[in-house]
Each structure stands twice: as C-alpha cells, then as structure tokens.
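Listed in order, the protein sequences are those of chains A and B. Be aware that the first sequence starts at 0, since it is given in the working numbering, and climbs by one per residue. Be aware that the second sequence starts at 0, since it is given in the working numbering, and climbs by one per residue.
If you are wondering where the hints come from, they were derived from the structure by calculation, not from laboratory data. Mixed in with the good hints there might be a few duds.
Put simply, identical chains are the same to the list, so a pair is met inside one copy or across any two.
To be verified - Calculated pairs, DSSO-like style, for lysine-lysine (alpha carbon to alpha carbon, straight line, at most 30 Å):
| # | residue 1 | residue 2 |
| --- | --- | --- |
| 1 | 8 | 79 |
| 2 | 4 | 84 |
| 3 | 8 | 84 |
| 4 | 79 | 4 |
Protein chains: 2
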Amino acid sequence: MEILKVSAKSRSTAVAGAIAGVIRESGRAEVQAIGAGAVNQAVKAVAIARGYLAEDGIVIVCMPSFVEVSIGDQERTAIKFVVEKV
Amino acid sequence: MEILKVSAKSRSTAVAGAIAGVIRESGRAEVQAIGAGAVNQAVKAVAIARGYLAEDGIVIVCMPSFVEVSIGDQERTAIKFVVEKV
Numbered sequence: 000m001e002i003l004k005v006s007a008k009s010r011s012t013a014v015a016g017a018i019a020g021v022i023r024e025s026g027r028a029e030v031q032a033i034g035a036g037a038v039n040q041a042v043k044a045v046a047i048a049r050g051y052l053a054e055d056g057i058v059i060v061c062m063p064s065f066v067e068v069s070i071g072d073q074e075r076t077a078i079k080f081v082v083e084k085v
Numbered sequence: 000m001e002i003l004k005v006s007a008k009s010r011s012t013a014v015a016g017a018i019a020g021v022i023r024e025s026g027r028a029e030v031q032a033i034g035a036g037a038v039n040q041a042v043k044a045v046a047i048a049r050g051y052l053a054e055d056g057i058v059i060v061c062m063p064s065f066v067e068v069s070i071g072d073q074e075r076t077a078i079k080f081v082v083e084k085v
C-alpha cells in the first residue's frame with residue numbers, strides 16, 4: 000500500500016485530494032508525517048478530504064499512531080494516520 | 000460536553016490520560032487545538048490514548064475538522080478532533 004508522505008511544506012488541499020482519491024479507490028489511505036509542521040498539514044488535509052468525500056456520501060475516520068522510520072542513517076519517530084471509510 | 004483544550008506546551012501523556020478518562024466515561028471526547036504545535040500535541044495524545052484504551056479492549060477513532068473560535072476579540076481557526084469509541 001502506498002504511503003502518502005506529508006511535509007511541513009505540503010499543500011494541505013493537494014494532500015486532501017490525494018487522500019480522497021485513494022479512499023475512493025481502496026477505502027483506506029495511509030498518511031505519514033514527521034514533525035509538528037508536517038503533522039499539522041496532514042491533519043488539515045484529513046479535515047479537508049472529509050469535506051470532499053462527504054459530497055459523495057463517504058464518511059472517513061482516522062487513527063494516528065507512532066512509527067519508527069529510517070531516513071538515511073537516522074531513526075525518526077513519525078506519526079502515521081490510517082484513514083478509513085466507515 | 001467538555002472540550003479538552005490542548006496547547007503546544009501541553010504534555011501529550013497528560014492529555015492522553017484525560018482523553019482516555021472521558022472516553023471510558025462517555026464514549027466520546029472533543030479535543031481542540033490552535034496552531035501546529037498544539038495540533039501535534041493533540042495528535043500524539045490521541046495516539047497515546049489509543050494505547051491506554053487498547054489495554055481495556057476499547058478501540059477509538061478520531062475525526063479532525065475546522066472550527067472558528069473566539070479568543071478575546073480575535074477569530075482563530077482551530078482544529079477540533081472528535082474522538083469516539085468504535
């Protein structure tokens with residue numbers, strides 16, 4: 000499954016469109032963010048995607064969890080949001 | 000319903016404990032955060048609360064949305080997380 004990686008510079012509407020697309024296709028999306036700025040953009044994207052999908056009668060929920068990811072030779076703690084159609 | 004207000008300085012484990020308590024009592028909690036630092040703490044708190052509640056066999060999901068809030072004479076956009084027992 001493809002993971003949507005979000006940075007602090009990601010446009011939340013663009014990420015929202017990507018989330019909505021993946022949800023429409025498979026019913027489940029994974030979004031990953033490292034750091035407060037990225038987490039904030041990811042959360043805004045989920046809130047916006049919720050609006051996009053509501054127009055089609057699709058309700059989504061999300062669940063954040065911690066995941067360890069390797070970036071180069073560094074271990075970082077990321078937040079993974081699993082977004083699912085109810 | 001009481002709203003748990005989270006700031007960038009909130010300890011995420013303390014907020015997680017509060018979320019878990021409200022979920023155990025009523026099955027539903029509302030968490031509000033303004034700004035990236037606060038949103039990040041709120042998301043971490045939900046992830047931690049999920050772990051606390053999983054020990055009791057309780058599964059939670061959350062849904063972020065935008066809300067306008069008045070602080071003094073200023074309008075600010077906050078993120079509201081509705082956290083619910085599945």
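Checking residue 4 and residue 84: alpha-carbon separation at most 30 Å within a copy, between copies, both or neither?
both (20 Å within a copy, 27 Å between copies)
Within, between, both or neither: how does the pair residue 79, residue 4 come out at a Cα-Cα threshold of 30 Å?
both (9 Å within a copy, 23 Å between copies)
Given identical chains, is residue 8 near residue 79, meaning Cα to Cα at most 30 Å, within a copy, between copies, both, or neither?
Both, since 17 Å and 22 Å are each at most 30 Å.
Between the shortest in-copy and the shortest cross-copy C-alpha distance, which are at most 30 Å for residue 8 and residue 84: within, between, both, or neither?
Close inside one copy (27 Å), not across copies (33 Å); limit 30 Å.
Consistency note: the structure conflicts with none of the earlier hints.
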